[in-house]
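Each chain, written out:
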Amino acid sequence: MTTEPKTMREAWTEHTSALLDVNPFLALVLADISDDYFTEAAAKHPGRVVNVGIREQLLVGTAGGLALAGLRPMAHTYAPFLVERAFEQVKLDFGHQGTSGVLVSVGASYDWAEGSFTHFSPRDVALFDTLPGWRVFVPGHADEVPALLDSAVDSTEGAYVRLSLRHNAAAHAGADGDLVVLREGSRATVIAVGPLLDNTLAATEGLDVTVAYTNTPRPLDTAGLRDLASRTGNTVVLVEPYLEGTSAAVASEALADRPLRLLSVGVGRAELRRYGTAADHEHLHGLDAQGIAARLKAFL
Amino acid sequence: MMSAMNATYEDALALARRSVSDVRYPVVKTYTLDPIWVLYDRVLRIDPQRPDHPARDRFLLSKGHGPSAFYAVLAAKGFFPETWLDSIADVDSRLGSHPDRTLVPGAEISAGSLGHGLPLGVGLALGLRAKGYDSQVYVLVGDAELDEGSNHEAIAYAGATGLANLHVIVADNDSASHGWPGGVASRFSVNGWAASTVDSTDHDALHASLTEPHPDGPRATVAVTRR
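Chains as they are written, first to last, in the numbering used here: chain L, 995 to 1294; chain C, 39 to 265.
Check each hint, because a few of them may be wrong.
To be verified - Straight-line Cα separation of at most 30 Å, DSS-like style, residue types lysine-lysine; simulated pairs: (1) C:LYS169 <-> L:LYS1085; (2) C:LYS169 <-> C:LYS115; (3) L:LYS1038 <-> C:LYS169; (4) L:LYS1038 <-> L:LYS1000.
Unchecked claim - Covered by chain L, per the in silico footprint, the following chain C stretches (three or more residues, Cβ under 8 Å): (5) 144-158; (6) 165-171; (7) 184-196.
For the record, the hints were derived by calculation from the structure and aren't laboratory data.
Quick caveat, the model's predicted, so the values are computed rather than measured.
By construction, the Cβ of each residue, glycine as well, lies at the ideal position given by its N, Cα and C atoms.
Whenever a hint applies, use it, and build me the whole structure from the sequences.
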């Protein structure tokens, strides 16, 4: 009998429940999604674990109000409902009020492939780029989640934590945001974000490229990027598990003083109208090892 | 110049008329002055000298449009100098056509986009309760602002969970395009709120409704105006 590895959502549940026990300023707001994960925490902390029902505008607005009361709010639901449906609340109920909060999503770009387009959220990270002051965490493994949560909660900045069922075989980074170099080469610097690292490592097998990993696309470690790029002819490849090109502007700005050559690999814009599995969608978007390798070889 | 200690409603009215805040709204929108004045004069536990006291009551002007009455009351009560009212919405003014809480002493929320104040008020009421304060949260919305669905998310949730430190004032000047058949108050009472409808010019009636105990759930005061 094999034991299923802990999911990011389970890691988030466990760690947030523990934080609620020790941090009297942390408050969790739910909108039915994952409510069953927090039954015990809600019983222990009824004033700081609230479920508003299937009401996403209220979910984010309530979190904003908790911040106004001096608490550190964490709001959670499925990614498209948290970020897209309630985006004006994300925009106005934190930063515009001079406050901030922690938003934690599940679903990512195509986790629930059977549910398809309504539950896909490849645009979320790009949307945070339209707002000042948000950090974005995209863990690649459940074991990376606790440190990222600590960093998100123990801060006065906004943080978006994007949990996924897709994951790498092992954890590779803490919460310092620094790019972690896993392979060194000379022809390109390939930055893999979160759960796409293993596919990227497989895709670059035998290629003369540097592969670096991050679970913190915002703020991206641009100093690290500049350093690595300087040793690979300022040729950069970004492999991101959300909308293709999301970090292209950040990379371009970081390397504005150099002749940058940049390839963006990520989730396509087209609505595929397909079901199946997340692995199927990774393939359809060219984000499996084979797809990434094909893009890389054509680029190099 | 009046003293903040003994400013009267007439003083606040004069200040509101002095502060036409938006050339697009040439008629001074003072119909919200009555409830805001009664709140700051007779209800809210707020010290203008300590506007950041954590256990203060909160007033959230959700309907950020036409904030002349709000600014006038804050000035009359000494939150900021009356002279600020003479340059509203100038490029260097701290007072805009929509209030910004980071710029206006005494403003609890930045408003302007309708339908944000009541959900923020729910969170604020939950948070103040979690911190052990008995602070009350008062949110002023317009009857047309109630068109925004976010309000109804908040009304349903606050009623169902008995959020007793929350109080909504609806400034009802019959401006909702499609009206509220059966009356605005019914939207609250059907969700378990205590609700009263009063004439907004009757300050004693306003005061009575705004201070009526409601230990089991939230309360709404619909302040009807014909102005």
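Exercise for the section: May I ask which of the numbered hints given earlier this structure violates, with the numbers listed in increasing order? Expected result: No numbers; nothing is violated.
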